[in-house]
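Residue numbers (my numbering), protein chains in the order written: chain A, 1 to 551; chain B, 1 to 551.
No wet-lab data here; the hints were simulated from the structure.
Note that this is a predicted model, so its numbers are computed, not measured.
Do not rely on the hints blindly, as some may be mistaken.
Because identical chains share one entry, a pair is satisfied inside a single copy or across any pair of copies.
Simulated crosslink set (DSS-like; lysine-lysine; CA at most 27 Å straight-line) [unchecked claim]:
hint	residue 1	residue 2
1	K241	K391
2	K485	K65
3	K370	K399
4	K146	K241
Protein chains: 2
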Amino acid sequence: MKPMIKSPLQIARASYQPKLPTALKGNVVLKEGAATESVADQADIKTLFPNTYGMPLISFEAGVKKEYPAVAAGVILSGGQAPGGHNVICGLFDGLKALNPNNKLYGFLAGPSGLVDHNYIELTKEIVDEYRNTGGFDIIGSGRTKLEEEWQYDKGTEICKKLGINAIVIIGGDDSNTNACVLAEYYSQKKTGIQVIGCPKTIDGDLKNEMIETSFGFDTACKVYSELIGNIQRDANSAKKYWHFIRLMGRSASHITLECALQSQPNICIVSEEVEAKNQTLNDVVDDIIKVIVHRAEHGLNFGTILIPEGLIEFIPAVKKLISELNDLLAHNEDFNALNTDEEKRQYVKGMLSPVSAEVYRSLPKGIAKQLTLDRDPHGNVQVSLIETEKLLIEMVAKRLAQLKAEGSYKGKFSALNHFFGYEGRCAIPSNFDADYTYSLGYTASVLISEGKTGYMSSVRNLTAPAAEWIAGGVPITMMMNMEKRHGKMKPVIQKALVQLDGAPFQYFAKHRESWGDEKSSYIYPGPIQYYGPTEVCDQPTRTLLLEQEK
Amino acid sequence: MKPMIKSPLQIARASYQPKLPTALKGNVVLKEGAATESVADQADIKTLFPNTYGMPLISFEAGVKKEYPAVAAGVILSGGQAPGGHNVICGLFDGLKALNPNNKLYGFLAGPSGLVDHNYIELTKEIVDEYRNTGGFDIIGSGRTKLEEEWQYDKGTEICKKLGINAIVIIGGDDSNTNACVLAEYYSQKKTGIQVIGCPKTIDGDLKNEMIETSFGFDTACKVYSELIGNIQRDANSAKKYWHFIRLMGRSASHITLECALQSQPNICIVSEEVEAKNQTLNDVVDDIIKVIVHRAEHGLNFGTILIPEGLIEFIPAVKKLISELNDLLAHNEDFNALNTDEEKRQYVKGMLSPVSAEVYRSLPKGIAKQLTLDRDPHGNVQVSLIETEKLLIEMVAKRLAQLKAEGSYKGKFSALNHFFGYEGRCAIPSNFDADYTYSLGYTASVLISEGKTGYMSSVRNLTAPAAEWIAGGVPITMMMNMEKRHGKMKPVIQKALVQLDGAPFQYFAKHRESWGDEKSSYIYPGPIQYYGPTEVCDQPTRTLLLEQEK
Chain A
1 MKPMIKSPLQ
11 IARASYQPKL
21 PTALKGNVVL
31 KEGAATESVA
41 DQADIKTLFP
51 NTYGMPLISF
61 EAGVKKEYPA
71 VAAGVILSGG
81 QAPGGHNVIC
91 GLFDGLKALN
101 PNNKLYGFLA
111 GPSGLVDHNY
121 IELTKEIVDE
131 YRNTGGFDII
141 GSGRTKLEEE
151 WQYDKGTEIC
161 KKLGINAIVI
171 IGGDDSNTNA
181 CVLAEYYSQK
191 KTGIQVIGCP
201 KTIDGDLKNE
211 MIETSFGFDT
221 ACKVYSELIG
231 NIQRDANSAK
241 KYWHFIRLMG
251 RSASHITLEC
261 ALQSQPNICI
271 VSEEVEAKNQ
281 TLNDVVDDII
291 KVIVHRAEHG
301 LNFGTILIPE
311 GLIEFIPAVK
321 KLISELNDLL
331 AHNEDFNALN
341 TDEEKRQYVK
351 GMLSPVSAEV
361 YRSLPKGIAK
371 QLTLDRDPHG
381 NVQVSLIETE
391 KLLIEMVAKR
401 LAQLKAEGSY
411 KGKFSALNHF
421 FGYEGRCAIP
431 SNFDADYTYS
441 LGYTASVLIS
451 EGKTGYMSSV
461 RNLTAPAAEW
471 IAGGVPITMM
481 MNMEKRHGKM
491 KPVIQKALVQ
501 LDGAPFQYFA
511 KHRESWGDEK
521 SSYIYPGPIQ
531 YYGPTEVCDQ
541 PTRTLLLEQE
551 K
Chain B
1 MKPMIKSPLQ
11 IARASYQPKL
21 PTALKGNVVL
31 KEGAATESVA
41 DQADIKTLFP
51 NTYGMPLISF
61 EAGVKKEYPA
71 VAAGVILSGG
81 QAPGGHNVIC
91 GLFDGLKALN
101 PNNKLYGFLA
111 GPSGLVDHNY
121 IELTKEIVDE
131 YRNTGGFDII
141 GSGRTKLEEE
151 WQYDKGTEIC
161 KKLGINAIVI
171 IGGDDSNTNA
181 CVLAEYYSQK
191 KTGIQVIGCP
201 KTIDGDLKNE
211 MIETSFGFDT
221 ACKVYSELIG
231 NIQRDANSAK
241 KYWHFIRLMG
251 RSASHITLEC
261 ALQSQPNICI
271 VSEEVEAKNQ
281 TLNDVVDDII
291 KVIVHRAEHG
301 LNFGTILIPE
311 GLIEFIPAVK
321 KLISELNDLL
331 AHNEDFNALN
341 TDEEKRQYVK
351 GMLSPVSAEV
361 YRSLPKGIAK
371 QLTLDRDPHG
381 NVQVSLIETE
391 KLLIEMVAKR
401 LAQLKAEGSY
411 KGKFSALNHF
421 FGYEGRCAIP
431 SNFDADYTYS
441 LGYTASVLIS
451 EGKTGYMSSV
461 RNLTAPAAEW
471 IAGGVPITMM
481 MNMEKRHGKM
491 KPVIQKALVQ
501 LDGAPFQYFA
511 KHRESWGDEK
521 SSYIYPGPIQ
531 YYGPTEVCDQ
541 PTRTLLLEQE
551 K
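Using the sequences plus the hints, can you model the full thing?
Put into structure tokens, the structure is as follows:
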């Protein structure tokens, strides 16, 4: 047998032609709306961004043929992978070449550091063609270097001047786009002539607002996780013997978990934002889980599924306080470090914590408590991301159920399995939705560049309509900003979008969750992403987006 | 928004009509081959199965219309879930109804215990239609009760007589089919008139032989795991900072791991059967891994993927011996149980083990050693399935790399992430291959029943050809049997198919693995199972099957 180089789907998928909004298919004319304001702190933001504040919204419409001077652009992938990143670059490349065949595109390597360290390649048709409709960020690599210092910006100017680059496109999340905005302002102030355009990327779905309906990658990642959750639910419903505790990526917001719940209808789904709003303790969360488990056990059903957002414990006010006290208490604490046994350390910590935090500490399973005190990062901080919240909850639930059993108020059997899904979805082959959306975002960026715009985020809206009806344009990044405290200082940043408890997706969930948790299972089995076949199977946006845009 | 009851794919997939071999599409004539022999221990097997030994192979061909008397069948799902189980039942139902509209099908509930406890439902068109082409075993549930005692068989006779059931179809793995064969023999001896037909099920792929080319579910499960492995590889190749240690289901054989490696081409793949054949120690396995990690680090690549079969440590002769010694040593050992601290227990165990096993015990990370001595099942046995082998290997690899770094022979960075995939694939929506194969297996069973056969396994062969050319028929289960020691007694059992080191799949792997592990990545990204679209994307059998049948 001949060695395989690519899978059949990789080969077939290479020839997919992403759908574009009608306005981008031919000649484009740019329409400017009214001047904009930032979402909050207008005076501060205006002062900080004198050159890029208040610019109008931009939309594109079909127009007459227009000649654009040749430009060169450089593109950067910033932060965690999200399905569709390659198609942003493909759309950008195709758009630039369509607007002027002499346009050039460079890729800075391994994230923002490529701009600073002058690591780059020219992106040719041969290279770009290899990556059409594929997952991953491997075309130029990504990285987490933050562009925050003037010397970095100046190193960027240097390489742009050398290569004749007129514009930089930064594909990233809220932080990277905040930095893109600062960079745009700096380059305007310094009159470098270098434009900066942002693109909204993150599987977490927390970069969105009135003009950015969703970040790319959220659709595909949630569909991959939902496929797996559905499969596990079918297994639970067949084997009838396990409770599956499934933790899902997404530390700062619960959009992924909520969307997966809307797609698969598990018995229980925890939303961090609700836990925080209700000021719940970890025991409260456990009690909520217990209620459903006990109810189902009364009907002979000792199995089910529970979705848990990765960031949960940081949203529990009491645990947050405990972690903060531990960080203050144990960083460079020689007395503590001198103690010999785990038990001595445990007692020492208990004695030093505030009474409330000591109580929370006592309530934690020993393994977790130990992890909080012993596994610390180089700065002495608790490594929250290492805590396997799903195992923590299994342990606490099992303990509580054992008590209830002893008291006679629970007669079921409890066996649990744990799962964590994250890396399985960040580099999946983008869904048709994400393939089309990202290609359109990249194409839109090429027009913004050719029109000489800077400080804008590429925006494609009306996303629950067919792609032909999508509205492409640009949104001033300053419009999304407010002032927030970061590392003790007030900074201009893009507002992070958490799950809104009064928003349609959460409201739909809140209305139906009781029935999902009862003895009649409401499991849905989404199955794997389909790229071919009926449009209702292949081209659906997320439930979150459908609910948010429902008339 | 209206509540969702089913996903778009569930709705679309319901109307898929599985492909059948041409011979089964119209009237069928049964062809008998020569008499058969068991694979080994012919005299013993013949003595134990006087009524069902030596029966001929059966194949079906297109024939003339034949009238069959009405029959009733009962179907049982036995053991772990595998994609396609529902379609076996659908094929069986459709076949029975096509052969005689008065035929009936009952389903025994929750596995073999349904037969014994007289729990059953009649399977009607309305019920069956709800489950066409779906994953899971929830139509009638499954269970792990073993049919091994005569009183169980007699309880079965009782309910079959009551319902007028002429035949029982047992859908299960090697053990369940062994029991099906014993049951067939018993019913023949007792002249109950109840036939027994088996169906080859298991995602593990270890029920196969000359006449059974593959067990159903293996195709779909491996494709789901390979999708995830591919996604993780794309992530590894983009982020360039993690080694992903991925453990895959399959305790008794490494077919799943090997097939996933053939589909995704990871940097490293461990095959338990090879480890055993080479008499490797755990340190040898670690050294093999280290070689690849160090080589890639020398080229600046501090990332990669490693596939690990779930059953690995039970295949390592030295660990197997250690576990066996621990089981003998610690079961009901009051001296040990009276010890107070973990350290005392550790020392006690070390003192009692053979020198060789004590050395292995010392070489294990403390957490694992503790798990081996403390986490024991109710019979006092080590719970091997709880051991997270991927974490064990990460710990041992990290330790070894730290030594090499201190010695100056390794300069890389090692960060690892762990994954375990099993429950994610057992109930996936069956691939076209599994949907067609299982439907054909069920349909074949209906003909075997109507032809009055017993002690046969439903067999569909020539599986790498288009479904129309598949060869349907029956194989005497005694043909697959030999004598093996089980719980100290010689028993007739179906030979379990392990990975053959001289077989084509392993040989292909062995030939290419070095290049997969080197600095040029050979990753393949299979993507999710597709049900629509080009046939080369949607209808491919496994690489294992393609290699095994390559001319």
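Now for the hints, and whether the structure bears them out:
Taking the shortest Cα distances, K241 and K391 sit within 27 Å of each other both inside one copy (18 Å) and across copies (25 Å). Taking the closest pair of Cα atoms, K485 and K65 never come within 27 Å of each other, the shortest separation being 47 Å inside a single copy and 83 Å across copies. Proximity of K370 and K399 under a CA criterion of 27 Å is satisfied in both settings, with 18 Å inside one chain copy and 22 Å between copies. For the homomeric pair K146 and K241, the shortest alpha-carbon distance between copies (18 Å) is at most 27 Å, but the shortest distance inside one copy (47 Å) is not.
Checked against the numbered hints given earlier, the structure breaks only hint 2 and satisfies all the rest.
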